[in-house]
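Asks: Each chain is listed here by its residues.
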Amino acid sequence: MESTDEMTTNYTDNNLMSRLRELLLEKERAKVQNLESELDQLEKEIESIHSQILTEDKVVPLITDHMGDITKDAVEGQRSKMARALSPIIGEATRYQIQESSEEMVEALYPIVGAAVSRAVAEALNDLRKRIDQQIRPNKGGVEVTLMNRLRGVDPASVAFRNALPFQINQLFLIQHDSGLVLEFVNQNTEELNDHDLVSSMLTAIRSFVNDSFSPDSNDDELHEVYFGDDRIIIESGTVAYAAAVISGVEPEGFRSMLRMFVNELHIQNKDSLEAYDGDPETLPDLKPPINKFIEEAQNKKKEGSGNTVLDLSNEQSAKMMRNIGLFAVALLLSACAFYSVLTYRLLPFAFGANQVQEAETSQQVQEVAPITIIVTATPQPTFAEPIPSPSQAQLELKQIELASGKWSRTYPDSDAPQFLAVDAGTELNVIRTLGSWVEAEWDDPEQGIVKGWIRFDWLGDNE
Amino acid sequence: MKTIQKKICLLGDFSVGKSSLVRQFVEGEFSDDYMSTIGVKISRKPVDLPEHQVKMNLLIWDLAGGDDYSKVTSGYLAGATGVVMVCDVTRKSTLSMVKVYSNQLNKIGKANLPAVLLVNKFDLQNIREIEDEQIENIAAELQCPWYFSSAKTGEGVEAGFASLANLISSQKNTK
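From first to last, the protein sequence lines are chains A and B. Following the numbering used here, the numbering of the first sequence begins with 1 at its first residue and continues without gaps. Following the numbering used here, the numbering of the second sequence begins with 465 at its first residue and continues without gaps.
Rather than coming from a laboratory, the hints here were simulated on the basis of the structure. Yeah, the Cβ is synthetic: ideal placement off N, Cα and C, and Gly gets one too. One or more of the hints may lead you astray.
What the hints assert, rightly or not - Covered stretches of chain B (chain A as the covering partner; in silico rule of three or more C-beta atoms under 8 Å from a C-beta of chain A):
| # | segment |
| --- | --- |
| 1 | 500-514 |
| 2 | 543-555 |
| 3 | 567-579 |
| 4 | 592-600 |
To be verified - One-sided excerpt, in silico: chain A residues whose CB lies under 10 Å from chain B:
| # | residue |
| --- | --- |
| 5 | His177 |
| 6 | Gly180 |
| 7 | Asp195 |
| 8 | Ser200 |
| 9 | Met202 |
| 10 | Thr204 |
| 11 | Asn211 |
This is chain A alone, in the form it adopts within the complex (with noise of 0.2 Å):
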């Protein structure tokens, strides 16, 4: 019974316990049902829109039309991210872009990479022209230029190619200093110059600038030239106005000179009118068939060619020329030097007698043999620069020595020394002191008495 009691207590408390979960989670167990079916559906409609778009016809139509504007977004929140981002495929965009569609390509860059390349060959052949010029400077014509020319190592064809290079003064503004007022300006371009009168005071503002902020103790130095684009303005300065050529292409050799001579040359005539020009135009001589008649000159002697032109010493090249004729000097002494011992050799018999020539090349053949005997001469013999021998031990105690030839003595212990006096043969000579191969000798001049001076050792003949 007991027993029975005991099961009937715990279905009891089973039903109750059942119960009592009922009431408490009831209304969470109708919300965790109903978010499962939720989720399911969901998941239901997750696969729906994978299998809608994860299709490629269907996916690039969705994204084409945001494209433009998510990768402007992005460039423009993350510019530094999306360029390395893209960097490495643009390079093969690039190139299977040209593989593709090169014309469109061509098109598409001709713009930029037009003008850089024309930018770059006028660049070049400035460079060039530079080069040459400086290689070049006005001398005659024809076969003398050619040769000098060839001599320094400039191929003719180059000076001929840099002046069959076009030139052309677009304009030419002649300036007051101070003021940049226009006292004339030829415009030789079919393209108007928007406002010459503007275009000249900046340019006399830029000069100032230039001037005071670079050199602003120095009225020396000028700007003397100013690039823009493919254009240059060559300025050359008088002391009241300056010209300005607004030029294109390479000019002749020598413009800038022509220049400074057409500015002199208006101011000397016209001085007290540019000087005295307060901006009033009736005040200035006529300007302009002198500035026509310049640009004429400057485009006929670039039409006349290099005819003038040879190569300057100061450049890279000159090396080349300086080599040559080291060369040929060089040369030319190694000529001289054998010509002239050749004509020495030849004159020795009419100068000093057949005879004693053949007696000095006996006396020197003794020399080497035996102690010397030198025949005396009547007259001082002049003496020759020889390798001279050092005396011994046993020459320098001499005392006292006798001349075996006339011979001329020195003032002082050199064989260039002047010479001092003729000393006879058979002379007695007291030794004061030697210096190297040289002896001090004191002697019995007939004429002047006891008299001093310096003989080369190897004159005084046998006295080893």
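Chain A is fixed; fit chain B onto it per the hints.
Replies: Here is chain B on its own, set in the frame of chain A:
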């Protein structure tokens, strides 16, 4: 009527409105954006002077302002036939700078250069710091006419430049 050319310069402290005055005078426009002038800006404006029977092409050199009156600025003044001094009615210090510029002109031998004083930004006169009396004193010292001007509204701009053109022309005629 013959046409003559004259170079004039604008001088004044920074941000007094020199460039705006020139723009108003030459183009009839004004902008609130302030861009400091670097070095110099040059403009051209023809002015008719019927009383002198000339048309004067004014080449206006608008020089960068500031208290660093450098040698560069004096280089720009070379060859000028007149100057427009500009100060800002809302900043008293700019009037003192007019005096400084005037002294510098004297130093480079341009004491007798025809000049006009423009007291600019008159449209902001409610916050003005410069009194009429102060302006008159300076103008008397410089011996030049003065005008209130406003680059924004255009008031006094034409009159100021025309006055300078007349002075230049008169000086030339009296020579």
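Asks: Now, for every hint given, state plainly whether the structure supports it.
Replies: Going down the list of hints, with the structure as the test:
1. Counting residues of the segment 500-514 of chain B whose C-beta sits closer than 8 Å to any C-beta of chain A gives 5, which meets the bar of three, so the coverage hint holds.
2. With 3 residues carrying a beta carbon less than 8 Å from a beta carbon of chain A, the segment 543-555 of chain B meets the three-residue requirement, and the given coverage holds.
3. Coverage of a stretch by a chain is defined here by at least three residues with a beta carbon nearer than 8 Å to that chain's beta carbons; for the segment 567-579 of chain B and chain A the count is 0, and the condition is violated.
4. With 0 residues having a beta carbon nearer than 8 Å to a beta carbon of chain A, the segment 592-600 of chain B misses the requirement of three or more and the stated coverage is violated.
5. At about 7 Å, the closest approach between the beta carbon of His177(A) and any beta carbon in chain B falls short of 10 Å, and the interface hint on this residue holds.
6. The criterion of a C-beta within 10 Å of any C-beta in chain B is met by Gly180(A), whose closest approach is roughly 6 Å, and the hint holds.
7. Of the supplied interface hints, the one on Asp195(A) holds, with its beta-carbon coming within about 6 Å of a beta-carbon of chain B, less than 10 Å.
8. Hint status for Ser200(A): holds, given a least beta-carbon distance of 9 Å to chain B, under 10 Å.
9. Satisfaction of the interface hint for Met202(A) is found here, the shortest Cβ-Cβ separation to chain B being roughly 5 Å, below the 10 Å cut-off.
10. A least Cβ separation of about 8 Å between Thr204(A) and chain B falls short of the 10 Å threshold, and the interface hint therefore holds.
11. Annotation: interface hint on Asn211(A) holds; nearest CB of chain B at approximately 7 Å, less than 10 Å.
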